[in-house]
Amino acid sequence: MKIGYGHMGTLTMVVEMILEELGHEPVVPFRPTRQTLALGAKYAPEFACIPFKIVLGTYLESLARGADCFISGGGYGPCRAGLYGELHSRILQDLGYNAELIFLFPPLKKTVDFMRKLSRLKGRHSWFSLARIISKAWAKLNALDELEMMSQRLRPLELTRGQTSKAFEKGLQYLHQAKNRGEIEEARAAALAEMKKIEIDPTAKPLKIGIIGEIYVQLEPFANFYVEEALGHLGAEVRRSIYLTSYTRHDVLSTRGDMNSRSLAQPYLAQKVGGHGQNSVGDVIRFAQMGYDGVVQLAPFSCIPEIVAKSLMPFISKKFGIPVLTLFIDEQTGPTGIQTRLEAFVDLLEQRRLASGRYDFPGNIIQ
Amino acid sequence: MTARVGIPRALFYYTYFPMWQAFLEKLGVEVVFSRPTNKEILEAGIRETVNDACIPIKLFHGHVLDLKDRVDYLLIPRLVSPGGYITYCPKFLGLPDMIRFSGMKLPALISHRLSLRGLPGGLSRFLRATALSLGIKNPLAQQKAISHALKCHKLYHRLLLEGKQPLEASTLIQKKGRAGRNAALVTAAEAGTGMPRVALLGYPYTIYDSFVSADVYHKLQSMGVSVITPDQISPQELRRMSRVLPQNLFWYYSNRVWWAGLSLLQRKAVDGMIHLTAFACGPDAMVDKLLELEAKKARMPFLTLTIDEHTGEGGVQTRLEAFIDMLQAKIENNRNGV
Chain A
5 MKIGYGHMGT LTMVVEMILE ELGHEPVVPF RPTRQTLALG AKYAPEFACI PFKIVLGTYL
65 ESLARGADCF ISGGGYGPCR AGLYGELHSR ILQDLGYNAE LIFLFPPLKK TVDFMRKLSR
125 LKGRHSWFSL ARIISKAWAK LNALDELEMM SQRLRPLELT RGQTSKAFEK GLQYLHQAKN
185 RGEIEEARAA ALAEMKKIEI DPTAKPLKIG IIGEIYVQLE PFANFYVEEA LGHLGAEVRR
245 SIYLTSYTRH DVLSTRGDMN SRSLAQPYLA QKVGGHGQNS VGDVIRFAQM GYDGVVQLAP
305 FSCIPEIVAK SLMPFISKKF GIPVLTLFID EQTGPTGIQT RLEAFVDLLE QRRLASGRYD
365 FPGNIIQ
Chain B
6 MTARVGIPRA LFYYTYFPMW QAFLEKLGVE VVFSRPTNKE ILEAGIRETV NDACIPIKLF
66 HGHVLDLKDR VDYLLIPRLV SPGGYITYCP KFLGLPDMIR FSGMKLPALI SHRLSLRGLP
126 GGLSRFLRAT ALSLGIKNPL AQQKAISHAL KCHKLYHRLL LEGKQPLEAS TLIQKKGRAG
186 RNAALVTAAE AGTGMPRVAL LGYPYTIYDS FVSADVYHKL QSMGVSVITP DQISPQELRR
246 MSRVLPQNLF WYYSNRVWWA GLSLLQRKAV DGMIHLTAFA CGPDAMVDKL LELEAKKARM
306 PFLTLTIDEH TGEGGVQTRL EAFIDMLQAK IENNRNGV
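The listed protein sequences correspond, in order, to chains A and B. Everything in the first sequence is counted per the numbering used here, starting at 5 for the first residue and increasing by one. Everything in the second sequence is counted per the numbering used here, starting at 6 for the first residue and increasing by one.
FYI, nobody ran anything at the bench for these hints, they're computed from the structure. Note that the structure is predicted; figures quoted are calculated from it, not measured. All C-beta atoms in this analysis are idealised placements derived from N, C-alpha and C, irrespective of residue type, glycine included. It cannot be assumed that every hint is accurate.
[As the list claims (entries may be wrong)] Coverage of chain A stretches by chain B, computed from C-beta distances (three or more under 8 Å per stretch; other residues unrestricted):
no., region
1, 15-21
2, 94-107
[Stated by the list, open to error] Computed list of chain A residues with no C-beta within reach of chain B, every gap over 10 Å:
no., residue
3, R35
4, L87
5, P110
6, R124
7, M154
8, K314
9, G325
10, R345
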């Protein structure tokens, strides 16, 4: 089978590895572009969220490159993402394509269905060899997360702008080429060595900004206008609330979600509202408790759970003394608008820090 | 002095108010509704609400503002699930919290969970908790009010099924205590009059709110069109549709619209379909596309009407007239065998 899938940050190369190992021919999605989004937006419902449109655009591009099947995650609501698969396949059918869509539901919620689809995907491989492949993928995920966190820490410290991003790209290349456990370990070491070569200013005390919100716009840099890089270049260290490994642990392999964030949110938003709505409220509190200077909330326009979260933000921000900038993103959003708002936000945080007279910060602890 | 409980005339109001009113009044509590939607309420709601929210949520905030200084309590339940895996829209799930932390000065909120998942008797449990919040502890009085309320609830939905409007239905309940027995479950429209029969698909809180929907329902009726809403499709029929699909939607109201649409398409019971949707409604992004694609397959004329803060009466009227003209022309052509 020639299998296509959506592009979601660094997860893309992990899915590629799994599919290759299983003997399929992956149609590796390109990084989304404005054209991808425009293509998706053309056939998607007007008020669908931006992940839906980008993924649809990616599917259409992949179809042109020969994909005959797509895999994607499904869910059990009440977030709309759980219905993506159903609607994507109907839209593709209406456009005259005969691609098959396999959407995998969380294994602990729909075990039978999940195992059936999994056994189809694994083909002739034994369950044992599937387990080996998965554990290899897990190693890669861990390495990718480590690399990403390091780049987020170093970027505000770099002496020449852009060095970190360059080193990070190189590191991704290394990891991309690593095919087995040994190679992954080697690539990881090489990538980290690459990062260590960056010249930094060790005395700088960068602002610390947490990034929260909907998962796709957090993890896919194209969808968030490379907000991590932009903030890094403005001299802020960023930390997301979601990384691939934590996502896998809390959202894929559990039925309860991230209990830490959710219990923090409990007094203010007592009900799970789907997606990462409740997490967003809890994560602001968590970042405030960790001494962060501010939080950027990312969400697709018309995202229901994040709108519920946003409506609580003025209260939470005041109560815990942490500024929150909310960015709702759709296909009309322009990079300059985002850049301006980020600059203004960073200025505000700097002023706030000066006014507080508080200069010594806890080191880079977190997680 | 009796306590006054306010119920905003928005969102779940159209599904539940006769039950809540009957319950509270039986308990000797005064019930106050917000005024029917008007420009002032809408504008106040828009000012108060997070700007990315949909119109119905903004409207809800407006109705809360309209009520808050006139009552001792506000009844804003957390509607979680009507049973099974189905939930309400996430905004319903978070509604009490959205209101509580909106910065408005509010009277006491009564916001118990209403979930029919799990053990039976969810409605009674919810009503009992509400009574306790009002300081009414006598179990006998509670039980009496509950059975009265549940009876009214059943009756109300039977009247809606017969094609009555919510207010009409509630007056009927209060006047007679019961409706005419078991009117036929076929909708009036299926009798056939020569004018086109049109399905008006949408949520109760848009269809029945004559201000925000630019009164599409009555506009259609005054053109002589017979209108069918999802409330006029029997629960049995909706359940039947739910079984034919590979995957149902997650949200209660959306499922009703989607199943009603499918049922009418299958039975070819209408000549055209209008989907009435609110600007930036999350679930409707899915529902609208699903309906559109199904209607296309069945060659059913389909119109999406999106309403927002700026919806003008004139624009809606023009689009409805054009749509109905087209349906009439189509009927005419079919009759002449073109």
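The hints, checked one at a time:
Note: the region 15-21 of chain A has 0 residues with beta-carbon separation from chain B under 8 Å; the three-residue rule is not met and the coverage is violated. For a cut-off of 8 Å, the count of residues in the region 94-107 of chain A with a CB near a CB of chain B stands at 3, and the three-residue condition holds. With a least CB separation of 25 Å from chain B, R35 of chain A remains clear of the 10 Å interface cut-off, as annotated. Residue placement check: L87 of chain A does not keep its beta carbon more than 10 Å from all beta carbons of chain B (closest about 5 Å).
Non-interface status of P110 of chain A relative to chain B is upheld: no Cβ of that chain comes within 10 Å, the nearest being about 13 Å off. Interface exclusion of R124 of chain A from chain B stands, the closest Cβ pair being 17 Å apart, more than 10 Å. Once the 10 Å rule is applied to beta carbons, M154 of chain A is consistent with being away from chain B; the minimum gap is 34 Å. For K314 of chain A, the non-interface assignment is contradicted: its Cβ lies about 5 Å from the closest Cβ of chain B, within the 10 Å cut-off.
No Cβ of chain B approaches the Cβ of G325 of chain A within 10 Å, the least distance being about 16 Å, so the stated non-interface status holds. The Cβ of R345 of chain A lies farther than 10 Å from every Cβ of chain B, with a closest approach of about 15 Å, so its non-interface assignment holds.
The structure does not agree with the numbered hints 1, 4 and 8 stated previously, though it agrees with the rest.
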